[in-house]
Amino acid sequence: MDLSAISPVLLLASLMVASTPILLAATGELVVERAGVLNLGVEGMMIVGAVTGFVAAVATDSPALGFVAAAAGGAALSLLFAFLTQILFTNQVASGLALTLFGLGLSALLGQGYIGVKAPVLPQIEIPGLVAIPVLGPILFRHDLMVYVSIALVAAVWLFLTRTRAGLVLRAVGENHDAAHALGYKVVRIRVLAILFGGALAGLGGAYISLVRVPQWTEGMTAGAGWIALAIVVFSSWRPWRVLVGAYLFGGVTVLQLNLQAAGIAIPVEYLSMAPYLVTIVVLVAISARRGRSAVNAPASLGKVFHGGA
Amino acid sequence: MKLARTILAGVAVALGLAGAAAAEEKLKVGYIYVGPVGDFGWTHEHDIGRRQVEAELGDKVETSYVESVPEGADAERVLTQMALSGHKLIFATSFGYMDAVLNVAKKFPNVKFEHATGFKRAPNVSTYSARFYEGRAVIGHIAGRMTKTNKIGYIASFPIPEVIRGINSAYIHAKKANPDVEFKIVWVYTWFDPAKEADAAKALIEQGVDVIMQHTDSTAAMTVAEKAGIYAFGQASDMREFGPNAQLTAIIDNWGPYYVRRAKAVMDGTWKSTDTWEGIGDGMVVIAPYSDKVPAEVQAEADALKNAIADGSYHPFTGPLNKQDGTPWLAEGEVADDGTLAGMNFYVEGLEGAIPQ
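Chains A and B, in that order, give the protein sequences.
With this note's numbering applied, the first sequence covers 1 to 310.
With this note's numbering applied, the second sequence covers 1001 to 1357.
Just so you know, not all the hints are guaranteed correct.
Restraint ranges, calculated between C-beta atoms of paired labels, are given here [what the hints assert, rightly or not]:
#1 B:G1058 / A:G105: 24 to 32 Å
#2 B:A1304 / A:T60: 44 to 52 Å
#3 A:Y148 / B:G1319: 52 to 60 Å
#4 B:T1318 / A:Q112: 39 to 47 Å
Keep in mind the hints are simulated off the structure, nothing from the lab.
Ideal Cβ placement from N, Cα and C applies to all residues, glycine included.
Taking the hints into account, I'd like the entire structure generated from these sequences.
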């Protein structure tokens, strides 16, 4: 077995690129679910973010504005979900699935005329000084801005949920919306804000695929990434740092197995292609299992309709 | 007033005609696609064929399609839905729909089904495919001549005979053009996933590949090749706009004429269960115009190869050829029979790695 053909530096760098879309979407969905809302429309919000980001980036020639537009696009679509589930009390599972179908169709419509168009390139930022560190430097400190943003967002969400009063309120709403309501918290408003945040992050994740990872616009290009993000939220038992581990494992093993194949390593391809799913699930379940009962962390009000406003 | 009345009368006539045409009962033709029509690859080309049916047969037909249908149980549901809603001719355009087509066809004996790239038939199920491997021979030759690193990357979808045949054909002709050539094959286990296809292309490029071939449906690999400044070949559609510098040529699937022919056959009652397998000579496989990056002599060689295949004087699988393990397959001058090609499950000698089972 000759592993020397694979450059670990290049591999780890492309690992981070492959993981970022899922990481962004999963971080957003984590906040939504911690607020007690199950939005299965991640895939739809991602693809809408992918197309609005691409269109805006091409129109303004600025990838940064593209990402802003992607966040807005994803949030706008999630607003529809928020309206349906929080104001009209529709079923969250059905509304989320409908959101995905709607998003896929809407994005195909918006993307007409942008097929084969080139997007402006998001520059890689080399962090001065740090990038000169051998091996680690090029792996960690030579990426585009969004890779750093996605990690910063995980940290920010963790801080918010565990160290701030607002985060505590959000979790209270997710655990027991009637109690939170009795205490005077605006359950619906908090949930709508969480849904918007989730939509914006899913939009960013989608745009990362269309502006950086591929980069081009193609109908249906998220190809299931939103569902992977949803699964990672569950397997990480709703904890931000575990979402990071899960997303990087999934993205990492995906890239690793493609590299192993390209390098002609004699491991049967069947095992390699199931590895990302298997490894991610096994590792996250193993982490969660150690802590016993408290590790099963599902917000108690997840997916339940809140009628208390009436 | 008179003008208004004329217009009204005209509208009435037009409405009447439309009503009469509808009463004549249009032939409803349905298509199910594995990817979106905007993939600008495989599905895109089937949809062009569908539109050709509409253009040529006009108001005698009504076509509809369902895109991005996963291979498996969902396909059966969509096919049933189509048969129930009055479609009399249904094209299922992906290999993995095979059993779903057979199952649904059994329940609707009066509906004609056509399954692309499959090999199971029934009285009301035909199969059709193109001899893509003829096109692969041409681009394999060009790849062999154009590579500088002597490493050619191949993004493969699923280990089915059609894909394996393509790899073998491309390899045989790349090797003839350049004996030092080496193939690096990555199986992505998907027909359409732009992000994964792009990752696969990047992994291959990191391994020193400077020409990429693909047997997946999206244009992602072409975009990555363009960005990396290497060469690639369009798959199923002309992908030049995604890689103006990268695309050397493309294999274009031309389904339109077949679709028109089959719809006509249903209309005049001559439809029979058949197995169609046409190539460059019949026009089902088309080689896109060469990029100006391909030197004139290589273009001439490619054209000579293409013409020899088209007129039948040369078969891409002509002996002497050995299987990967060195056992003889075709003797000197011997040509592969269609049965072996249709079920091809082995690499030819020289290819490295094992086919996933």
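Hint by hint, here is what the structure shows:
{"no.": "1", "hint": "B:G1058 / A:G105: 24 to 32 Å", "verdict": "holds, 28 Å"}
{"no.": "2", "hint": "B:A1304 / A:T60: 44 to 52 Å", "verdict": "holds, 49 Å"}
{"no.": "3", "hint": "A:Y148 / B:G1319: 52 to 60 Å", "verdict": "holds, 58 Å"}
{"no.": "4", "hint": "B:T1318 / A:Q112: 39 to 47 Å", "verdict": "holds, 46 Å"}
Of the numbered hints stated above, none is contradicted by the structure.
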